[in-house]
Amino acid sequence: MGFLKKKTGIYYMVNFMLGTLLFFVLLISINTKTISWSDTGIIILICINVTLAASLNLVTGILGQLVLGHAGFMLVGAYAASLFTLHSGLPLAIAFPIGLLLSGIVAAMFGVVIGLPALRLRGDYLAIITLGFGEIIRVVANNLKITNGAMGLSGMESLSSRRNPSPMFIYAYVIAIVVVILMFTFGRSRHGRAVISIREDEIASESMGINTTYYKLFAFVFAAFIAGVAGGIYAHHYGMIDPSKFDFNRSVEILIMVVLGGMGSITGSVISATVLTLLSERLRDFSEYRMILYATILILVMLFKPSGLLGRYEISIPKLAGKLYRRIANRKPHSETGGAE
Amino acid sequence: MEFITQVINGLGLGSIYALVALGYSMVYGIVQLINFAHGDIIMVGGYSVYLVMVMYGLPVWIAIPSSIIVCALAGMIIERVAYHRLLIHNAARISLLITALGVSIFLQNLFMLIFGSDPKSMPTIFPADLIKLGSLELASSTVINIVVSVLMMMGLQLLVDKSKIGKAMQATSEDAGAAKLMGINTNKVVLITFAIGSALAAVGAVLYSNTYPQIKPDMGNLLGIKAFIAAVLGGIGSIPGAMLGGYILGVAESLTKAYISTTLTDAVVFGILILMLLVKPSGLMGKNRKEKV
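Chains as they are written, first to last, in our numbering: chain G, 1 to 341; chain D, 1 to 293.
With the rest of the complex left out, here is chain D (with noise of 0.2 Å):
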């Protein structure tokens, strides 16, 4: 029981990492960039709770969506002040990484200055409850997380799968040059890519910041890390994959802090990565490209 509930409770946690994991993925399916600032968007959207709860004393259902536009524009500021130029240009990859990690740096850094570098804590979001199934017991927020991951991800699929710009968006990472003559505005699927996945990232956030209520602005990094190696261990680009690795994760260091030790429990999910480098490195569900020159 004790092992089932376990596996529950990491898949609670995956369901975090699965949320950042497909911005991540959606990005890189794109524009061939580890967005390092797509960590520190949770961070922004924690923030942007944090502020509409605390500070104006607001209640919880506008807190949400005014958290996922604030992330959803500062994806778009992000992409057209710091990678746009850089993107149409053809730059070289390690340009576009070193940027990505100003961004971070500059994200993570600002928001120390403002609110300073202690973790503020959260008010509650949803009402923390034990729920009941048979004789297990799980916290209400290790359901909500599964819940709202399950159907972010088929809303996203049917997005991609269905509408038009779903479509734009599968055209522009399989050759953005053919799509472009194609008649698609290439521009605009990136910057709505950065959005969605940012948008993504805030939904994260509010999951984690009821899950674990405290925020801090360093909070971004081994979040962005933990979901970017989820993204890989489900094969970056595909968003089944990045649901996959993320549930893995979760459910990894779950195991790892019930059974093993809680102060290892990156070093673990550090070594999966390796490992999954090592053995598959285009991921679970990925496909692996050929490189054609």
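The following block holds chain G by itself, in its conformation from the complex (with noise of 0.2 Å):
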């Protein structure tokens, strides 16, 4: 992994400053109005896909877990914060990040339901279990009064509005720009090397003194806590949701971004996200050859390219300047036949 040269440092400032410029650059186009308010819808659109999809590579790509449920999580972190906002009384400035905050919760408290037994244990539980999950809260949804049954819950007010077009996305990005830092550092901590020593055996990290459990546990419902966020802000940007939009196939939209991207990388991630909602949103007329497209691309990268078209690649803007990019880790299916198992 890379070490922490001087370098680095600097590096990390200027792709820092970077994402700050191209915030303040969105920032007065939007109010500016050289960017159209269904483009700026877009783009907040893009920022949630891109916090989603990060949160999971924490899980699919660090920790090498796989999880079929996000959007259930999303669909839990959305409820939460829209009943929130339509319940509290408080007027929506202050409602709305406080509403972010308790959609996180919630949807954390749900990751450790699901997350301890199925992680306590080796092997392709949380798969299974995440998938589970993922229909059958989406089924709750369907039948509960709280939320309103199918018809689900409208009415959530947007920050933004015609005249001042840009608080929901100055939420959107901040929160996807921290999100991404987050995952960034994360993976270089202490504690991200502990997860991912687990993706890469499990015994023998146990053996090391690693609580796998408890690594376990907190990569995922870290970002389980994210996907709630992801919810909330996804609720309130498009004013009504309904249980149908976080079905399975909307959960596979994120795993397709993440394996697409590079399990393991985050910038990965972020471009693929990026590319893969730009794309969804210009080719609507195609839309029921999307999840065929999909799937063939997914069985296509497993076979051939494991890891994702970047693999473990981070791109950085002055590197890229520099060396095009470098490699930090390499993995193919070939090298992994000395494992443990």
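FYI, nobody ran anything at the bench for these hints, they're computed from the structure. Fair warning: there could be bad hints in the mix.
[To be verified] Only pairs whose alpha carbons sit at most 25 Å apart, straight line, appear in this in silico PhoX-like list of lysine-lysine:
| # | chain 1 | residue 1 | chain 2 | residue 2 |
| --- | --- | --- | --- | --- |
| 1 | D | LYS162 | D | LYS188 |
| 2 | D | LYS164 | D | LYS188 |
| 3 | G | LYS245 | D | LYS216 |
| 4 | D | LYS257 | G | LYS145 |
| 5 | D | LYS180 | D | LYS287 |
| 6 | D | LYS188 | D | LYS167 |
Assembly of the complex is requested from the two constituent chains, each provided in isolation within its own frame, with the hints serving as guidance.
Here's what the structure looks like:
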């Protein structure tokens, strides 16, 4: 992994500055209406998808566990935030951030309940449990009174209006950037390295004294929290939600963003989330072919480049300018034959 | 009386879960892969019965074998096209899982594209009747389900215990490397396992569409998850375990539907899985395998 050279710190700074610069450019363009109202909506959707993909990458890329119910956490968060802002009676400017926090917390609680039994075990139980969770939470939301059944909730107000189009964008962008930075630094922190060691070899890391259950649960619940927050933004961005918006296909869309970008590469997730969101907005006419296309891409990528297109490369703009990119780690299926299993 | 009827209805439903669970269990036992596409094989089986009976107007006794053949072939093709390359390269588990997921999504959306997403109603496969046992009144489909599933399990157990290919399967699941050294063609064993598992799913599909005469492209989703839960419940890798798990799940579902709430059945089933993983993750009849380094 990347040794923290002096250069690395500068690279981080430059990347961060570029992110901030992009933020201000977009902000000014939105406020001066250079970017239209509908395009602003797409940008917010991109930010939400980047947030979701980055958080799923924590579990799928860094921890190496498959989660198939990320939309379920999104659903929980979306409903939690919406119910709070609809019923709290607080002014929206105060209720919205509290609602977002709440959505994260509720989603994280669900994460603990499902993650604990699945992650105590070795193997693929998390995949099936989260798949079941994603399906069942939707059925439950379809039948509960508080969630208003299949009709869903509506009437959530967006902070943005046509006169003042930027506040939602600011929230979505800042949260996306913070999540990306968090994921990036987490992967290089003490805890992140513990999580990575579990991915590489669970038995070995356990014998090194790493509390594997704790770290697995930590990564999973962290990701659930972020997915919940993203759900909260999503609900207020669209103003209406119903359970069918958070179905299995949605989870798959997030997963394909992670897989395509590269499992373990946060910048890969950012790029693929951006590209795929734009593509699916542009290719609305071909929506019935979209899932077939996604499935084919998933299979082909797994067969020929199992770690995703970028693998674990992180793209860094100053480095790109210098050496294009640096190889952080290389992972091919052939090199893994020596594993303990 | 009502209670006993519900239990027997549950057993009938559980029989379908059990047949599908057997396929999950066998494949998992041999290649340690949760074959997400297995649920969709049921869907393929359902549609092939529909195609043969409605589109071509052929009788049942042609529809059932052809559905079994189609499913077995589909299972083998899936193994060869999607999993084989990863299996021989010993790829990471997560890659296999994602591929399996991709196959599942592919099948579902392909059938949605071909047949449309609206449910198709099935013709009668076996004539529906009420069977009276004393004061019990049972639907004939329930009895057929139970009888067929028990026969299938006994046949499978016999195959695995006595036949050459069954012993090869056991050896491969015990230690694939050693099995290879003993001259077992493990590639062939994996292929045959997929074929048998998918054929059982086809039988499950026939029973399912006889009991609930309706098919749709995403019917495999929940059915697949529940069958997998049944396999985990009974102990993955064990044939009687998968059957037991299926029956328990079916009865639990039927009792919940009758006495608690019709909408909460899925949540109850899911709760059973979580509880099981907390209490005895190896399943009711599973062996607790020690992990070796």
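Consistency of the hints with the structure:
no., hint, in the structure
1, LYS162/D with LYS188/D, "18 Å, holds"
2, LYS164/D with LYS188/D, "13 Å, holds"
3, LYS245/G with LYS216/D, "20 Å, holds"
4, LYS257/D with LYS145/G, "19 Å, holds"
5, LYS180/D with LYS287/D, "23 Å, holds"
6, LYS188/D with LYS167/D, "13 Å, holds"
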